[in-house]
Amino acid sequence: MLEHRTSNLTGLLLPLADRNLILPNVAVAELIDYQPGAFDLDSPAWYLGQVTWRERQIPLLSFEAACGNKTVIGDRARIVVLNALGGRPHLKFIALLVQGIPRSYKLDSQLSYVDVPLCSLEHAAVQVAEHVAKVPDLLALEELLVGAGLVREGSQAPSGASPLFPS
1 MLEHRTSNLT GLLLPLADRN LILPNVAVAE LIDYQPGAFD LDSPAWYLGQ
51 VTWRERQIPL LSFEAACGNK TVIGDRARIV VLNALGGRPH LKFIALLVQG
101 IPRSYKLDSQ LSYVDVPLCS LEHAAVQVAE HVAKVPDLLA LEELLVGAGL
151 VREGSQAPSG ASPLFPS
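Under full-length UniProt numbering, the sequence shown has 72 at position 72, and the numbering climbs by one with no breaks.
Incorrect hints may have been included.
Straight-line Cα separation of at most 16 Å, EDC-like style, residue types lysine to aspartate or glutamate; simulated pairs [said to hold, decoys possible]: (1) K92 / E55; (2) K92 / E30; (3) K106 / E130; (4) K70 / D18; (5) K92 / E143.
Derived CB-CB ranges, DEER-like [what the hints assert, rightly or not]: (6) D33 / D115: 35 to 41 Å; (7) N83 / G147: 16 to 22 Å; (8) V116 / G149: 28 to 34 Å; (9) T52 / V114: 34 to 40 Å.
Read the hints as simulated data drawn from the structure, not as lab findings.
Think of the CB as a built atom: it goes at the ideal place given N, C-alpha and C, for glycine as much as any other residue.
Could you put together the complete structure from these sequences and hints?
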């Protein structure tokens with residue numbers, strides 16, 4: 001008798017102003033209170049400046065603005081600190097503006113994909129309980145920072161792995 005095995009992981013649903021993102025919980029280093037970042041007026045709209053986390057300065061981004069929408073800083077705004085994946089020595093963490101406290105969900109490799117419009121920073125959309133959640137392209141977020149000259153270029157991690165379930 002063959003046994004069907006599925007891969008499971010814990011995902012975090014990140015509430016944004018205009019969408020939800022889903023990430024493996026290991027991608028998130030910490031959730032912190034909102035703090036305004038220090039930035040230049042010449043900065044791209046999606047770049048909200050540098051914020052202090054654990055005695056280091058890390059870049060704060062608005063995912064909505066990076067996708068061409070407005071940045072919203074609501075009453076429940078928080079910052080999610082993400083582990084950077086690109087292997088750049090000068091970019092170990094990225095801060096992402098969220099609108100509330102992320103919720104934990106058990107995910108398996110049999111996620112239902114949803115056919116909705118995606119921005120260039122999104123790999124896919126999936127159904128997570130009653131929510132449609134977008135799978136963000138974290139390496140593309142890092143590339144935004146590098147391309148805008150906000151982070152020095154460094155070595156990169158290999159590509160090709162699934163964003164939620166590596167090969």
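Comparing the hints with the structure gives:
no.: 1; hint: K92 / E55; in the structure: 13 Å, holds
no.: 2; hint: K92 / E30; in the structure: 13 Å, holds
no.: 3; hint: K106 / E130; in the structure: 13 Å, holds
no.: 4; hint: K70 / D18; in the structure: 9 Å, holds
no.: 5; hint: K92 / E143; in the structure: 13 Å, holds
no.: 6; hint: D33 / D115: 35 to 41 Å; in the structure: 36 Å, holds
no.: 7; hint: N83 / G147: 16 to 22 Å; in the structure: 20 Å, holds
no.: 8; hint: V116 / G149: 28 to 34 Å; in the structure: 32 Å, holds
no.: 9; hint: T52 / V114: 34 to 40 Å; in the structure: 37 Å, holds
In this structure, none of the earlier numbered hints is contradicted; all agree with it.
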